[in-house]
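A.B. asks: If you want the building blocks of each chain, they are given just below.
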Amino acid sequence: MRTLEGRKIICCVGSGGVGKTTTAAALALAAAMEGKRALVLTIDPARRLANSLGLKELGNEETRIDPRHFDDAHLTPRGEMWAMMLNLKHAWDELVRRDAQTPQQSETILGNKLYQTLSTAMAGSLEYIAMEKVFELYSSGRYDVIVLDTPPTSNALDFLHAPDRVLDVLDNNAMRVVLGPMMKAGKVGFRLLAVPSGLVLRTLARFTGSDFLRDLGQFMMAFEGMYEGFKDRASKVKALLSSSRTGFVLVTSPNPLITQEALFFHRALEADGIRTAAVVVNRVQRDPRRHGGPDNVPALKEALQLAQIKDTDRLAERLCETLTEQVVLADLDRREIERLRATLAGVPLFTVPRLRKDVHDLAGLWQIDGYLGGD
Amino acid sequence: MPALLDRRLVVVTGKGGTGKSTISAAVALAAARRGKKVLVCEVVAKERVADFFGRPPSGTQIRELVPNLYSVHVRPREAMREYALMILRYETLYRLAFENAAARYFLTAAPSLAEIVMLGKVFWHAAKEMERGRLRWDMVVLDAPATGHGLTFLTVPEVFLGLVSDGPLARDMRTMQSLLADPAKCSVCIVTLPEEMPANEAIDLDRALRQHQFPVGPLFLNAAFTSRFSPVEVASVTRGGPLLTAAGEAADTHESRAALSQHYEGVLREKVARDLVKVPFLFERSFGAQAIDKVAHAIEGVL
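If you read the sequences in order, they're chains A and B.
According to the working numbering, the first sequence is numbered sequentially starting from 1.
According to the working numbering, the second sequence is numbered sequentially starting from 376.
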């Protein structure tokens, strides 16, 4: 894609199940073929990249795609393709260890009951850690381009604003306001009171129980002093994502519900001053009418006769039904793509037809790359 | 084991884009037709079910879509308010505790609190809401968030109880947990597609649901293609000259999708010990009540 030339980071965004991972991997492959050192970063739970690259397992570390896989696909890359699967829990632990000011601090946090849940279940946690990782990899300078397969967020805004939400939680000043009445300043920092006091806290405690509030207070105290580092990086990540070094690729299918989501995301990006670099529409139905030929039962019967094919078991009828169904699908897809094109005026749009087989190796990804060029 | 339609709570889970809303609507429609009063709770970002029946979105107000079939969109903020009010009883107290900057901070920080209150609301409809001396709903269908999230959603009581043991929320989560574990009252279904990723995720989801001992409901294989042509037919039509190019390509496309369907049906039957229900791919110019009706007929066998 010409529109992605010179970009250091490519974010593939879109709803779950639209081929986002495959598209991300195909873009990384294209970059590697052109001579770049390209890394595709994907998210753990679905083990998607492992599937689409024909790899058994990807650890939470950068792994170079074995040149044998390229040989198998009869491809000669001028660069290198790397892949990494992000493990949420692992990545948070790493971050805490790296950022803690003392080993005791990291131990206190890692051992906190609430941290275990918070790091994996907090809203925006996955998005936040993905961005941290992208930033770390980008800063390392090891790659010419990093392709990020974003988490399948239910809401587009979740992704862009995840860092803010996580920062809100880790903001110690806010914590002091909320849990202040439960803490007493002493010589060695804060100390927690056993019983929540203050009307607000007492009311919240009626709702959640007071243990929980105490655990939360302890957790927040453990994070003391780390917030600034988080905040500093988050603002750098934001600046990087909104700069021309980053390209956002909207991945969608022609399903109207999914394109609605894609358009929603597009507008969310615009609201943040970010221009969508490209749209990829996967799994588009090919229109059988482009070949011409008969499309009704009598004409099909005649054509079969001419070709000396026996019209047994209502073959002409079955063919006609199949043609009609695929025409319906092709029409629906075309209408949706036109609508997308009109709304996203000026954004390069690529369509990838529905392939005969699932893509799970480099040859398949390369086939997809065939549809992603030429803008 | 009671039939699916005799359960109080039917949970529909699966990967995003597999058709969970469609299956939820179809199960609810089938139950409503048998005279049951059914509520579909949509706990997803975007409400869909009302639109299937050509009705305006229900939002957070319960609305009747067709006779006996109601829907409601469960959203975190409103669920939080309703739920908190149920416990705190007084609006002023609620405002004091929940509508200030400090509390908002707390609500973002508390892990899964949004999920907890949403699940709490669904639970209330399924097990507590009364009307004229009896439970208001014969059946509640929960259209759960996408997998990954879906399992997290159902295990929320477990996670929460690991952290908190006292308070009204903990009490409710305990009762919710026992409802979710009771095969006489609850059934957790999975929806998937005949494609590699969704099929793999359905297998993972099935395993995880079993580990947590959720009552095993059917596996819906949505958008399945059935073979229509023999290989000989495809080959001869494809080679039948320019007049038959379109027909040959169409037949070949159909058969490749049917082969995928058959392959993943085989994989799923082997790896997932649940009743497998094939729901045919629907070629509809617009997806509405008619389509839901077709799906309701297709799943008749496991109801």
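Hints in this document: simulated from the structure, not taken from any laboratory.
On a predicted model such as this, the values are computed, not experimentally measured, just so you know.
We put the CB at the ideal spot given by N, CA and C, even for glycine.
Wrong hints could be hidden among the right ones.
Stated by the list, open to error - Some chain B residues close to chain A (C-beta under 10 Å, calculated; not the full set):
1) D381
2) F428
3) I437
4) E439
5) L488
6) F535
7) S611
8) L618
9) L619
10) R660
11) G663
12) Q665
To be verified - Each computed DSSO-like pair below joins lysine-lysine, with the alpha-carbon atoms no more than 30 Å apart:
13) K113/A - K231/A
14) K560/B - K646/B
15) K238/A - K421/B
16) K357/A - K36/A
17) K411/B - K421/B
18) K357/A - K653/B
19) K357/A - K560/B
20) K412/B - K669/B
21) K36/A - K133/A
22) K89/A - K669/B
23) K89/A - K646/B
24) K646/B - K411/B
25) K560/B - K503/B
26) K411/B - K503/B
27) K669/B - K357/A
28) K8/A - K113/A
29) K89/A - K231/A
30) K310/A - K36/A
Stated by the list, open to error - Cβ pair distances, simulated, as ranges:
31) G373/A - P606/B: 33 to 41 Å
32) E640/B - D71/A: 50 to 58 Å
33) R290/A - A648/B: 43 to 51 Å
34) R408/B - H291/A: 39 to 47 Å
35) R290/A - L510/B: 21 to 29 Å
36) L306/A - H638/B: 29 to 37 Å
37) Q665/B - D272/A: 17 to 25 Å
38) Q665/B - R98/A: 41 to 49 Å
39) L510/B - G346/A: 53 to 61 Å
40) R98/A - R582/B: 29 to 37 Å
A.B. asks: For every hint, state whether the structure bears it out.
C.D. replies: Hints, one by one, checked against the model:
Hint status for D381/B: violated, given a least beta-carbon distance of 31 Å to chain A, over 10 Å. Hint on F428/B is violated. Least Cβ distance to chain A is approximately 16 Å, over the 10 Å limit. With a least beta-carbon distance of about 23 Å to chain A, the hint placing I437/B at the interface is violated under the 10 Å criterion. The interface hint given for E439/B is broken, as the beta carbon of that residue sits about 24 Å from the closest beta carbon of chain A, more than 10 Å.
Because the closest C-beta pair between L488/B and chain A is about 8 Å apart, less than 10 Å, the hint holds. Of the supplied interface hints, the one on F535/B holds, with its beta-carbon coming within about 9 Å of a beta-carbon of chain A, less than 10 Å. Interface restraint check for S611/B: the shortest CB-CB distance to chain A comes to about 5 Å, inside 10 Å, so the restraint holds. At a threshold of 10 Å, the smallest CB-CB gap from L618/B to chain A is about 4 Å, leaving the interface hint in force.
Satisfaction of the interface hint for L619/B is found here, the shortest Cβ-Cβ separation to chain A being roughly 5 Å, below the 10 Å cut-off. About 6 Å separates the beta-carbon of R660/B from the nearest beta-carbon of chain A, less than 10 Å, and the hint is met. Given the 10 Å rule on beta carbons, the hint for G663/B is violated: about 13 Å separates it from the nearest Cβ of chain A. About 14 Å separates the beta-carbon of Q665/B from the nearest beta-carbon of chain A, more than 10 Å, and the hint is not met.
Restraint check: the Cα-Cα separation between K113/A and K231/A comes to about 24 Å, which is no more than 30 Å; the hinted pair holds. At most 30 Å may separate the alpha-carbon atoms for a hinted pair to count; K560/B and K646/B meet this at roughly 26 Å. Pair hint K238/A plus K421/B holds up; C-alpha atoms about 27 Å apart against a cutoff of 30 Å. At roughly 28 Å between alpha-carbon atoms, K357/A and K36/A fall within 30 Å of each other, so this suggested pair holds.
Distance restraint check for K411/B and K421/B: the Cα-Cα separation of roughly 26 Å lies within the 30 Å cut-off, and the hinted pair is therefore satisfied. Our distance criterion of 30 Å between C-alpha atoms is met by K357/A and K653/B, whose separation comes to about 20 Å. Between K357/A and K560/B the alpha-carbon distance is near 41 Å, which puts this suggested pair outside the 30 Å criterion. Only pairs whose Cα atoms come within 30 Å are accepted, and K412/B paired with K669/B is accepted, the gap being roughly 21 Å.
For the hint pairing K36/A with K133/A, the CA-to-CA distance comes to about 20 Å; that is within 30 Å, so the pair holds. Between K89/A and K669/B the CA atoms are separated by roughly 43 Å; this puts the pair beyond 30 Å, and the hint is violated. At most 30 Å may separate the alpha-carbon atoms for a hinted pair to count; K89/A and K646/B meet this at roughly 28 Å. The straight-line distance between the Cα atoms of K646/B and K411/B is roughly 34 Å, outside the 30 Å bound, and the hint therefore fails.
Of the pairs offered as hints, the one joining K560/B and K503/B holds, with about 14 Å between alpha carbons and a cut-off of 30 Å not exceeded. Only pairs whose Cα atoms come within 30 Å are accepted, and K411/B paired with K503/B is accepted, the gap being roughly 17 Å. The suggested pairing of K669/B with K357/A holds, with an alpha-carbon distance near 28 Å, which does not exceed 30 Å. With a C-alpha separation of about 38 Å, the suggested pair K8/A and K113/A falls outside the 30 Å cut-off, and the hint is violated.
Pair hint K89/A plus K231/A holds up; C-alpha atoms about 20 Å apart against a cutoff of 30 Å. The suggested pairing of K310/A with K36/A is violated, with an alpha-carbon distance near 55 Å, which exceeds 30 Å. Judged by the Cβ atoms, the range 33 to 41 Å given for G373/A and P606/B holds: they are separated by roughly 34 Å. Separated by about 34 Å at the C-beta atoms, E640/B and D71/A break the suggested range of 50 to 58 Å.
For the hinted restraint 43 to 51 Å between R290/A and A648/B, the CB-CB distance of approximately 45 Å keeps it satisfied. Judged by the Cβ atoms, the range 39 to 47 Å given for R408/B and H291/A holds: they are separated by roughly 44 Å. For R290/A and L510/B, the hinted distance range of 21 to 29 Å is not satisfied, since their beta carbons lie about 57 Å from each other. The hinted window of 29 to 37 Å between L306/A and H638/B holds, with their beta carbons roughly 35 Å apart.
A beta carbon spacing of about 41 Å between Q665/B and D272/A contradicts the range 17 to 25 Å that was offered as a hint. The hinted window of 41 to 49 Å between Q665/B and R98/A is violated, with their beta carbons roughly 57 Å apart. Here the CB-CB span from L510/B to G346/A is close to 56 Å, well matched to the stated 53 to 61 Å. The hint said 29 to 37 Å for the Cβ distance between R98/A and R582/B, and at roughly 34 Å that hint holds.
Comparing the model with each earlier hint shows violations of hints 1, 2, 3, 4, 11, 12, 19, 22, 24, 28, 30, 32, 35, 37, 38; every other hint is respected.
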